[in-house]
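**Q** So the chains spell out like this:
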Amino acid sequence: MDQLRNKTAVITGGNSGIGYATAADFLAKGAKVLITGRKPEAVQQAATALGGEIDSFIADQGVTTDSQKLAEYVRDRYGKIDILFVNAGVAAFESVADVSEASFDTIMNINLKGAFFTVQHLLPLVNDGGTIILLSSVNAYSGMPGASVYSASKAGLNSLGRTLSRELASRKIRVNIVNPGPVATPIFEKSGIPKEAVNEEQMAKALPIGRIGQPEEIAKLVSFLASDDASFITGAEYNIDGGISVHPLIG
Amino acid sequence: MSSLKDKIVVITGGNSGIGYATAKAFLAKGAKVLITGRQPGAVQKAVHALGHPAEGFKADQSDMNDIRRLYDYLQGRFGKIDSLFVNAGVAKLAPFETVTEALYDELMNINFKGAYFTIQQLLPLISDGGTITLLSALNAYSGTPNATVLSASKAALNSLGRTLSRELAARKIRVNTVNPGIISTPLLEKAGLPDEARTHLSSITPLGRLGQPEDIASLVTFLASDDASFITGAEYNVDGGLMVHPLIA
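Here the protein sequences line up with chains A and B, keeping their order.
Take the first sequence: its position 36, counting from 1, is numbered 40 in this note's numbering, and each next residue is one higher.
Take the second sequence: its position 27, counting from 1, is numbered 1462 in this note's numbering, and each next residue is one higher.
So here's chain A without its partners, still in its complex pose:
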């Protein structure tokens, strides 16, 4: 249970959902963890609840100057890091006709541009042999009505992961992408989608496995990819979705 002992990890958007569960799993496996988030109280509360070798930093990953400040803080605090989990993301669901430029920019700025510059700014701090994990979504490969911008932002993120896996291979930095299916997280509420608009029961029926995922289940895969057990895995895109991405065609 000390697979990540002596490793230092940065998790963006770590105060709730998958980021939080992953922080807890990393800590349980012996890592030092820094989480970021936009809201000081939420981040502080999460850090207190996580306890142990935790630290936190207030940053909006959609703002590139925040990424820069984060990099400066991380350099002063740890010098180098081993694991970067780019997890911060937002979702919004509306038909193409209804998407405003502001909504388009918000999603793309956090999910793709923010991820891009978070990686760029933190990269000098990632040790050779370190690892970067991008949290995407099965939307990167789906054609889900109402998710045009979200899906495109995630498709762009997967593309970034693939390119980075080859660009950073000479430094032995492994870059992988995790595509969760429906998971019980506050991303919908936090993105301003009313709870009643998200029918979890109906979603569960759409999954072969008959239920939506839990953040802890995603955390286990992220921890595995961050560990030395995954030392030959890079440039990979792993679905973790209860089978939903397997197209049944009929049925």
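If you're looking for bench data, these hints aren't it; they were derived computationally from the structure.
Using 16 Å as the maximum straight-line C-alpha spacing, the simulated EDC-like pairs for lysine to aspartate or glutamate come out as follows:
| no. | chain 1 | residue 1 | chain 2 | residue 2 |
| --- | --- | --- | --- | --- |
| 1 | B | K1464 | A | D6 |
| 2 | A | K209 | B | E1602 |
| 3 | A | K84 | A | D59 |
| 4 | B | K1464 | B | D1441 |
| 5 | A | K43 | A | D59 |
| 6 | A | K43 | A | E193 |
| 7 | B | K1464 | B | D1661 |
| 8 | B | K1440 | B | D1517 |
| 9 | B | K1464 | A | D233 |
Computed from a prediction, not measured in an experiment: that's the story for all the values here.
On the provided structure of chain A, position chain B as indicated by the hints.
**A** Chain B only, in chain A's frame:
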């Protein structure tokens, strides 16, 4: 780790390479393992090297009678099993024009038909909530010259994994497929690979080395464990980045 304690795992083609390394990893995590193989001497030697509680059974996974005998044996010995790792496979390369019907049948019979009926016959023994993991290859998605039959057999195997993930979901049996890149195994030697080719293959893999059987074993044991409880119908590459197409490089 602890989630594999006392789980019963069957590994086809387990006396060398990835099958053997995976047997070792399962044992280290507390599982009971039975490996199969075609050559009695090799199976026995592997079981001895693996140590208690490893067991062996002589079976050619492309032979329907052997598969039925394996079923009978497992039923008598364990009753139920928790995980099946369909690993037995062969790799042979030949230019398309020279592929004989015999070569075609050999590869398809072991890599696909054998896998198909191994699962079909053993399925009644797999506990609800159990797992099936298929060992495929990047070839399932590549266009590697001289690998027409190997690649088609592996593409068919991935297809089977996808279909089974939906067919067996009602029983909560998770089915996943692992696509290794170039791994240093006896299979490479059996395919007749010269040393220069090995150096070349390392250099084209972004991480700059061939994979080791243990690299695959750690992913297979992860997928078989409760840590992977939301993962089914997935196809995971473990290839040092080889499958990411650089277009020009």
